[in-house]
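Going by this note's numbering, 422 is the number at position 416 of the sequence shown; the sequence numbering is gapless.
There are no misleading hints in this set.
Computed cross-link-like contacts, BS3-like style, restricted to lysine-lysine with a CA-CA straight-line distance of at most 30 Å:
#, residue 1, residue 2
1, K764, K936
2, K764, K815
3, K923, K767
Here are the in silico distance ranges between beta carbons for each label pair:
#, residue 1, residue 2, range
4, D710, D835, 41 to 51 Å
5, K167, P45, 23 to 33 Å
6, D64, L128, 25 to 35 Å
7, D135, D63, 19 to 29 Å
8, F200, S114, 27 to 37 Å
Source of the hints: derived by calculation from the structure; they are not laboratory data. The beta-carbon is built from N, C-alpha and C at its ideal position, and this holds for glycine as well.
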Amino acid sequence: MKFSAKDLVGSVQRLMATAQNGLEVIRFGGLTHDVESSPFEVVERRRMYRLRHYFPDDTTPGRPVALLVPPLMVNADIWDVNVEDGAVGILQRGGIDCWVVDFGSPASEEGGWERDLADHVLAVSSAIDAVTEATGSAVHLMGYSQGGMFAYQVAAYRYGKGVQSIVTFGSPVDVVAGMPFGLPYGMVSEVADFLADHVVTRLPITDSMVRIGFQMLDPMKTAKARIDFLRQLHDREALLPKERQRRFLNNDGWVGYAGPAAADLLKQFVAHNRLMLGGFVIRDQPVSLAELKCPILAFVGEVDDIGQPAAVRGIVRAAPNAEVYEANLVAGHFGLVAGSTATNHTWPLVRQWIDWLERDTLLPPEIHRMAEHVDSNRPRSAATRVVHTAATLAEAGAGVGKALEGIASNTVRGSVELAGEAARALPRLTRLGMIQPHTRISLGRLIAEQGRRAPLKDLFLFEDRVHTNAAVNVRIDNVVRGLISVGIRPAMRVGVIMETRPSALATVAALSRLGAVAVLLAPGSELVRALEITGVDTVVADPENLRQAASTGARVLVLGGGDSRQLGIPLSDRVIDLEQIDPAQVKLPGWYRPDPGLARELAFVLVTGTGDRLETKFISNHRWALSAFGTATTADLNRRDTVYCLAPLHHSSGLLVSLGGAIAGGSRIALARSLDPAQFAEEVHRYGVTVVTYTWTMLRDILDAQVFPAGHRHPIRLFIGSGMPAGLWRRTTEQFDPARVLEFYASIEGDVVLANVKGVKRGCKGRPVPGTARVELVAYDPIAEEILVDDSGYARRCADNEVGLLIGKASEGVDISAGGLRGVFAPGDSWMPTENLFRRDSEGDYWLVDRKDTVIHTPRGPVYGQPIVDVLNDITAIDMEVAYGLEVGEAAAGGVGRHCIAVAAVSVRKGFRLEPKDVTEALRALEPSKRPDLVYVVDEIPRSSSYRPSTRAVQAAGRPVPGPDTWWFNRASDAYEILTEDDATRVLGDS
7 MKFSAKDLVG SVQRLMATAQ NGLEVIRFGG LTHDVESSPF EVVERRRMYR LRHYFPDDTT
67 PGRPVALLVP PLMVNADIWD VNVEDGAVGI LQRGGIDCWV VDFGSPASEE GGWERDLADH
127 VLAVSSAIDA VTEATGSAVH LMGYSQGGMF AYQVAAYRYG KGVQSIVTFG SPVDVVAGMP
187 FGLPYGMVSE VADFLADHVV TRLPITDSMV RIGFQMLDPM KTAKARIDFL RQLHDREALL
247 PKERQRRFLN NDGWVGYAGP AAADLLKQFV AHNRLMLGGF VIRDQPVSLA ELKCPILAFV
307 GEVDDIGQPA AVRGIVRAAP NAEVYEANLV AGHFGLVAGS TATNHTWPLV RQWIDWLERD
367 TLLPPEIHRM AEHVDSNRPR SAATRVVHTA ATLAEAGAGV GKALEGIASN TVRGSVELAG
427 EAARALPRLT RLGMIQPHTR ISLGRLIAEQ GRRAPLKDLF LFEDRVHTNA AVNVRIDNVV
487 RGLISVGIRP AMRVGVIMET RPSALATVAA LSRLGAVAVL LAPGSELVRA LEITGVDTVV
547 ADPENLRQAA STGARVLVLG GGDSRQLGIP LSDRVIDLEQ IDPAQVKLPG WYRPDPGLAR
607 ELAFVLVTGT GDRLETKFIS NHRWALSAFG TATTADLNRR DTVYCLAPLH HSSGLLVSLG
667 GAIAGGSRIA LARSLDPAQF AEEVHRYGVT VVTYTWTMLR DILDAQVFPA GHRHPIRLFI
727 GSGMPAGLWR RTTEQFDPAR VLEFYASIEG DVVLANVKGV KRGCKGRPVP GTARVELVAY
787 DPIAEEILVD DSGYARRCAD NEVGLLIGKA SEGVDISAGG LRGVFAPGDS WMPTENLFRR
847 DSEGDYWLVD RKDTVIHTPR GPVYGQPIVD VLNDITAIDM EVAYGLEVGE AAAGGVGRHC
907 IAVAAVSVRK GFRLEPKDVT EALRALEPSK RPDLVYVVDE IPRSSSYRPS TRAVQAAGRP
967 VPGPDTWWFN RASDAYEILT EDDATRVLGD S
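When you get a sec, could you build the whole thing from the sequences and use the hints?
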């Protein structure tokens, strides 16, 4: 090989240039250059931020205004890292007035390491106010990565005030859909919770940790960039244009991350996915992206490992009321806002977006409406790319590689999710199994446990305010002190007549913590009679129910009502305002022990029915815990859920299922003051409601109001409750698809709890919940009202689809002297009968057919009301229905004497018409002998306070009369026909 003098000189010069440039990099951290940042002035300085105004000398009037928000771990210079080719330079040349929020570094700002997420959100909100005041224009709010998440949150928090549009770059919304590297969400959620609770709040995340962390996300790219830099170190002119960007990425661009802010991020948006579901909290105020109504443009990096495409596209589901657009770029996370891709594509598209909104130009084809469903949502992580690259090199194995990747990813994810569900269920079932009669367990105790475990975790939401475990426990303890000061003692029965509100929950929990018994009474109910049969002489009431409570003559303790409360009657020794008692001045007596309740002891008394059927139901601490843990296990309630309690606390579903299940599952509880469909629609999004509780026909009002049209996006995954009719069940699942219904049945006496977990069989009560009482169905004669026995004298078990009495195995130590059974299947065994008759189908699922005392006794045998109700409710035109027995005269049915016939009253949905043929076809599902003799239409069917259709009210309104809306069952034609005057004589007799 020949060497010329020219080659030798060139090599020496290259070596010298490399050494000189290398020494400069070592001394100064990089190559010195003349490129300076774009001109700006700091127009506002606050504790949380500085507001930069770029190109302040440009005073062109009427320019669109852009406010840019950086992520927490990146310096605000990210918007100017390429200077003329950067964001502010390109946008300024496009006639856009640019402002930038600079959070600074927590290491150098006063109190920087104590900042939380809400501090930053409120800082951006303040900056919006400052910019709109200075310019007189609404802003186009732009954010990169977490800065984009801030943009979403701030605009929702402000209900869009001052925000003309939102533009985000690689900002994830649905964390579940886009876990980095395809990791299963369940595992990541648990890790995020652990880090938030035990790591980031104790260990400051410094700028060097941030820098190393980002570089480790893509080590190959980091190594390649450094090698390329070293290879070109001799060529200063080639390096200088990218030197500012290189120094930004290698050192200057990173800032530390405050621990509280990181904990908030991990808790709210990773562990609980609240940005997607709604209900994230800003200073005790729940917020949802459903509040967004301004246009949104989201930039999606197709090879972005941090803001995964599926996670970024979650905004289209999280903000159903906004027009959402996207722009797809083949870029990584940083490349979306800096570098050649950003210079040539991102910022020109942003400029055209603003021109489209402000100057009525055409929208470029690269920007299009975001689709909710994309062809593939598999994250393009580094691991995925390795598989794809290897498959590309080995063409013959491409299909195999892809298949193996999908199988492995789905298997790992599914295994971890199943393990997570089992991990949540097993401790609950174990705790249920360990409860003995002497075990200390109660509502107050579970709330106290949560307060000790996670004091700052949200417990419940009410009227757009969030209350933490710690705050709720303080309130409960204060109420306890107030109750003690007025003479309430353990085991005393105290009535509670309150609307659904935080004070009602605090009162019930305080009575539990004190060891007293809460007698839950429905507002507007027969209070005098209820107080008599329960033995209550002291009632806790809210201001709304004060007058009614005082009219009973009982002593009334007033609690709740807020700051603007007005008491309708004067205070006295019989009307005491607990809010005026200073808890700090109450000395606790020596006998007081918090949460003394034992499993065997009485905890609650419910009053059900009306008139002569007014009954008391006694619930022990064990019975309450059984339903609470059983509900939490069956519904898989966990800390990521927000349970919307439509069911009132005075109803068993509200007390046992809604409140109990949410407390046992560690879920947030959203309290609704009343059933208001419009409010429900707003709060479902604002609170991020995932589970809705109901009783009877409660959801009918929401469906009829059409506040959630079919196909409308929502976060609800489950409806849980009891008593939902089959047709309403169908309408609910159709309108709230893919949410399902989880129907419960819980006996008041005994420990029987059934649940229809799969939700496939509408109207079915399901099977026994694990950990609850063993059940049996015994043959029963509803006419003679006695259990049928076999030749040996033991109760006969029912065959499949045979109607029988449902009984549950009595717990050890339970007193069965009041209505219990012994020696049912073996000598000495003990069982508690329920009040209901069921049938069990061939697959082992139980179906309610009637109560023992409401079976209709007809000459042809017993007729059961629930199957009639279920069949009629499934007719589209029918709104509500009741079935009952009607006594008719001697002239009816061939003169067999006075007897009962089966009657069904129905109301028709607005805009629908019901024909006799509809009733005929529907009731063919029942045997002819089990069909009602008469079906008639009424204008309205009143409902009880728990939204149960009132049979008594229909009966009180009058008997059915002949006419076009009354139909009798003609057994000869096997059809329902209009009841004429002549027919009425045969059917109704002379009554």
